[in-house]
Amino acid sequence: MSSTRFRLAGAALTLTLGVLTGCTAGESVDVDGAGKSGASTGGVLNAAIGGEPDQLDPHKTSAYHSFQVLENVYDTLVEPDANLEMKPSLATRWTTSEDQLTWTFTLREGVRFSDGSPLDAEDVVYSYERIIKQKLNASYKFTTVKSVTAPNPATVVVALTAPTPNLLANLGGFKGVAIVEKTNVESGAVKTRPVGSGPFMVADYASGDNIKLVRNDKYWADAPKLDAVIFTFVKDPTVALQNLRGGEVQWTDNLPPQQVPALRDADDVTVRSAPSSDYWYLALNQAREPYDDVNVRRAVAFALDRAAITKAAKFGLATVNQTAIPKNSAFHYDYAPYRRDPGQARQLLDQAGVTGLTMDLMVTSEYPETVTAAQVIAAQLKDVGITVKIRTLDFAQWLDEQGKGNFDSFMLGWLGNIDPDEFYYAQHHSGGTFNFHKYRNPAVDRLLDQARTETDQAARKQQYEQVAKQIVDDASYLYLYNPDVVQGWSKQVSGYEVRTDRAIRFRDVALAK
Amino acid sequence: MGRFVIRRLLQSGVVLLGVTLVVFLLLQLVPGDPVRVALGTRFDPQTYEALRARAGLDRPLVVQYLSYLGNALTGDLGVSFRSGRPVTSIVLERLPATLSLAATAVAFAVLVAFPLGVLSAMRSGSLLDHAARVFSQFGVSVPDFWMGIMGILLFAGVLGWLPPSGYVPITEDPARWASHVVLPAVTVGLVTASILTRFIRSSVLEVLSEDYVRTAEAKGLRARVVIMRHVLRNALIPVVTVVAVQLASLLGGVIVIEVLFAWPGVGRLTYDAVQARDYPVLQGAVLLVAALFLLTNLLVDVLYARLDPRISVR
Amino acid sequence: MSGSEEKTSRRALSALRHDPLAVTGSLVLLLLVVVGVGGAWLAPSGVNEVDVDRMLQPPSWSHPFGTDELGRDVLSRVLVATRVSLQVGVVSVGIALVAGVTLGLLAGYYRGWLDNLLMRCMDVLFAFPVLLLAVAIVAVLGPGLLTAMIAIGVVYTPIFARVTRSGVLSVREQVFVRAAVSIGASDLRIMRRHVLPNVAAPLIVQTSLSLAFAILSEAALSFLGLGVQPPAPAWGRMLYDGRGFVTEAWWLGVFPGTAIFLTVLAFNLVGDALRDVLDPRQLTIGEARRNAG
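Chains as they are written, first to last, in my numbering: chain A, 1 to 513; chain B, 514 to 827; chain C, 828 to 1120.
Okay, chain A solo, but in the shape it has when bound (with noise of 0.2 Å):
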């Protein structure tokens, strides 16, 4: 049910980097002896991620671990460059009808699954069909898809029932709306040994320990240098970190947050880090007392002191942030009206005719900084005069009693989102899927159904800025702050950036020796 909220693990994440060197296609490589064939300048890169993919279907799969290794193995459309614009890939082109209902995309000359089978339009269509009749996880990217049609093998036409704006982002942010392979999903084979057109390919699958990808030398772009990547599961930043320094790994993105800042001036290895676009926040119930008073939610965000509770839960690996979308994007909006101020925040609660109130904040073991932001967050409506019951669950069950409403409030972070319209609609529309604390205002409706379908960009980014300080006035979600995306690799590692989306590439890694 998550959409790109991906399942992370643990601490830190990372991402990798986009720049695209020009390099020698490398010679062919023996594929059960990656680094054996000696033939090659590559060498094989361990990397160590937080954890284990529950399943390598990139249709099916919503955690993020999966994800880490897929972004290496399939390709979609278009995808993101280092800024989050969309660039092609699988289509060289694309064109756009006057009434913005048709778009039209030509797709690259000669691309071929690492399996050898040529990837056409038609696998296209596949691909889409399968995520909007199965409703997977990404079908709700395809909601204004009214049909996916191939008139060619080298054009894809897509069809509108409304203009939409944000399609490429749609098709291409990431790897959950990846091109597949018919016969491999039919055969189940996909879950463990998926074939894509990216840059490597599954070689082993050692469950509970790791996942060896060798080069795919049918990749349509330049050849990846590397001869193998090796993801490792070590789901302890200190050993993670004590593996990179002792060189069994040369790459991870789970690094121990509080020695990070040490890190950075370390010797033996390059730690870097970039702002995400993921945000946490914390929710209200609005369908219960006396949440459904704007003070009260107000004064729980005047209780706050967000720099604490990002000191907490991410070492200051985080931004302080009161809106949704990060100060890199092109649609952030700066606006801040919250600082603590505990008298505001009683006088709020007195206004509002609420003493002594007992607050549930539910959390979940899935994702710890929720449980230790809680414990931040406790200790400070205590002093508004506001005692939190915190709730710990396990993800399934916490996912259970949100879609029921049984809460009062709890905290929880969105990931991966690009365009505004998935930071917002979902959320904050009173139909939107995951408004769970139902929030509802005709006015944020009407905009946010407005700018969904408009075209002008200028427009657009306004009606979104309406948006954002409505939803901010109103308390809807009080948002905490936007991570970092912090990774580090040994310095034998060359050409790897960390991406603000937290996708990890690796194509044009090289190792020296």
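Since the hints were derived computationally from the structure, they do not count as laboratory data.
Take the hints with a grain of salt, since some may be wrong.
[Stated by the list, open to error] Calculated lysine to aspartate or glutamate pairs in the DMTMM-like style (CA-CA distance at most 25 Å, straight line):
| # | chain 1 | residue 1 | chain 2 | residue 2 |
| --- | --- | --- | --- | --- |
| 1 | A | K513 | A | D268 |
| 2 | A | K382 | C | D880 |
| 3 | A | K382 | C | E876 |
| 4 | A | K218 | A | E289 |
| 5 | A | K382 | C | D1103 |
| 6 | A | K469 | A | E289 |
| 7 | A | K133 | A | E122 |
| 8 | A | K513 | B | D686 |
| 9 | A | K135 | B | E685 |
| 10 | A | K212 | B | E685 |
| 11 | A | K212 | B | D571 |
| 12 | A | K404 | B | E685 |
| 13 | A | K389 | A | D350 |
| 14 | A | K133 | B | E562 |
| 15 | A | K389 | C | D950 |
| 16 | A | K404 | B | E562 |
| 17 | A | K212 | B | E562 |
Here the structure is a predicted model, which means the values were calculated and not measured.
Position chains B and C relative to chain A; hints supplied.
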């Protein structure tokens, strides 16, 4: 002898049947719809229907159990809710890691406990004896995961002699396997060693006090000969069984230690299955471990009966 | 109270008095009970007093055990967590004792098919490594203090059932029991007046040792994140939360771990001393200790 074996075999069969029932009922205890709960964020109607149908949750309980039992007998333990792969192969993949850790830990424990136990019994009341008793009291009281944390802190952190965690298959690189197995095996092995030390000590003491040993000593045989010829042989019979029982329980995977050291064995599989609410894998792992445990105990009993004819029925 | 029961407790007491280790263990236990009852009062600051400006501070005069990743006073949390550990130990062993003794009495006294049925059930529970079964039960019921206590109680029940049953079998045919039967005493009365007091000794030993292992099991469950849930303090949970910081903040690992160790050690010392006097031939549940791993 033969009748004893057959009786134990039947008994074990009955217990194993009970074990399958308990494991089966685990799923029924899940509050709510286990498939819905397990899928959580990954919910989609098609997968849901497929998993429900595969698990046969719509049928009457008795029918479900009988088919679970029937499938289990043919080695089919269902499919993982998480990955869709067969549970049997998922669990079997994890066995080598657990086996190699268990065997190393027990070997370490025997090497420590045997000399310590025998010597402290022979010199009962000596300084060594006291040290051995302190050691074994320490071993049974210390939380093994805490000792593991302290071990990582010291040997991987401060001294940097050993890797803090991780696993390399012994078939791939024996040297690196060995460097990874030391910390977890010693952590687990110390607990086992302290149990064994106690046992060996009291077992040797008991034999030492028996008449024939006193007679032998009275006859003027040298102490060493007495020890070698009479005491050890008789004292070791029960010790062998205790070692086997310890090994059996380690085969089940030491959950906490495997989690702490990122050792991809059955114990960590269980833990991961719990975290992911992957009930079929949880059931499969628990069932396999219990079956292994029963089997080892059965072998031990049979072996014991052969080694020591005085014991025919326990 | 029957004569033999009085004798049992007197022997137990004198056993404790004459063994220096047992005296030490008892004193530690006494101290633990005091801390368990008055922990919140003894603690220098509140267990949930968060202060991000004093995160991960090493031990000092104001925070003798240092502060944790939320700036909370570790000493206060270790003290207050004592109650949780003792509570889990007492309640779960209580469950195991009541259930196990009842089942063991029924099985040993009535023999026959009932005995067979009950003891095979116990065999089944015994076929699982203790922690594995506890983890499975908690996984299914959902993590928390109550489910942890139930799970630990269930897994230790078979030990009590077996100890009770074998005790019952040994007194069942003795003259005084037969005499009671022949004068028409009711089963319940016979069990209560004659049988139970005679199995008291091994049960006392078993209870004391089981408390040690139950506390160890709770710590292990909490260390896996399956026991007491935050913000409530528990030793195992503190190790779990502090695991990522231990390399920079050794005090997060050392103090809660030492607390578990000392508590378990104290119960073991007392249990061993009791066994030496009351029931020298009873094996330790050393085998069951495997359990705790």
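To see whether the hints hold, each was checked on the structure:
Simply put, K513(A) and D268(A) have alpha-carbon atoms about 15 Å apart, close enough for the 25 Å limit, and the pair holds. Our distance criterion of 25 Å between C-alpha atoms is met by K382(A) and D880(C), whose separation comes to about 18 Å. Distance check on the hinted pair: K382(A) and E876(C) sit about 10 Å apart at the alpha-carbon level, within 25 Å; holds. Between K218(A) and E289(A) the alpha-carbon distance is near 60 Å, which puts this suggested pair outside the 25 Å criterion.
For the hint pairing K382(A) with D1103(C), the CA-to-CA distance comes to about 53 Å; that exceeds 25 Å, so the pair is violated. Note on K469(A) and E289(A): the hinted pairing holds, with a Cα-Cα distance of about 24 Å set against a maximum of 25 Å. For the hint pairing K133(A) with E122(A), the CA-to-CA distance comes to about 16 Å; that is within 25 Å, so the pair holds. Simply put, K513(A) and D686(B) have alpha-carbon atoms about 21 Å apart, close enough for the 25 Å limit, and the pair holds.
Between the alpha carbons of K135(A) and E685(B) the distance comes to roughly 43 Å, so the proposed pair goes past 25 Å and is violated. Of the pairs offered as hints, the one joining K212(A) and E685(B) holds, with about 15 Å between alpha carbons and a cut-off of 25 Å not exceeded. Taken as a hint, the K212(A) and D571(B) pair is broken in the structure, with Cα atoms around 39 Å apart against an allowance of 25 Å. With a C-alpha separation of about 50 Å, the suggested pair K404(A) and E685(B) falls outside the 25 Å cut-off, and the hint is violated.
A distance of roughly 21 Å separates the Cα atoms of K389(A) and D350(A); the hinted pair therefore holds under the 25 Å criterion. Under the criterion of a C-alpha separation no larger than 25 Å, the hint pairing K133(A) with E562(B) is consistent with the structure, at around 15 Å. For the hint pairing K389(A) with D950(C), the CA-to-CA distance comes to about 42 Å; that exceeds 25 Å, so the pair is violated. Between the alpha carbons of K404(A) and E562(B) the distance comes to roughly 22 Å, so the proposed pair stays at or under 25 Å and holds.
With a C-alpha separation of about 32 Å, the suggested pairing of K212(A) with E562(B) is violated against the 25 Å cut-off.
Consistency with the previously given hints fails for numbers 4, 5, 9, 11, 12, 15, 17, ordered from lowest to highest.
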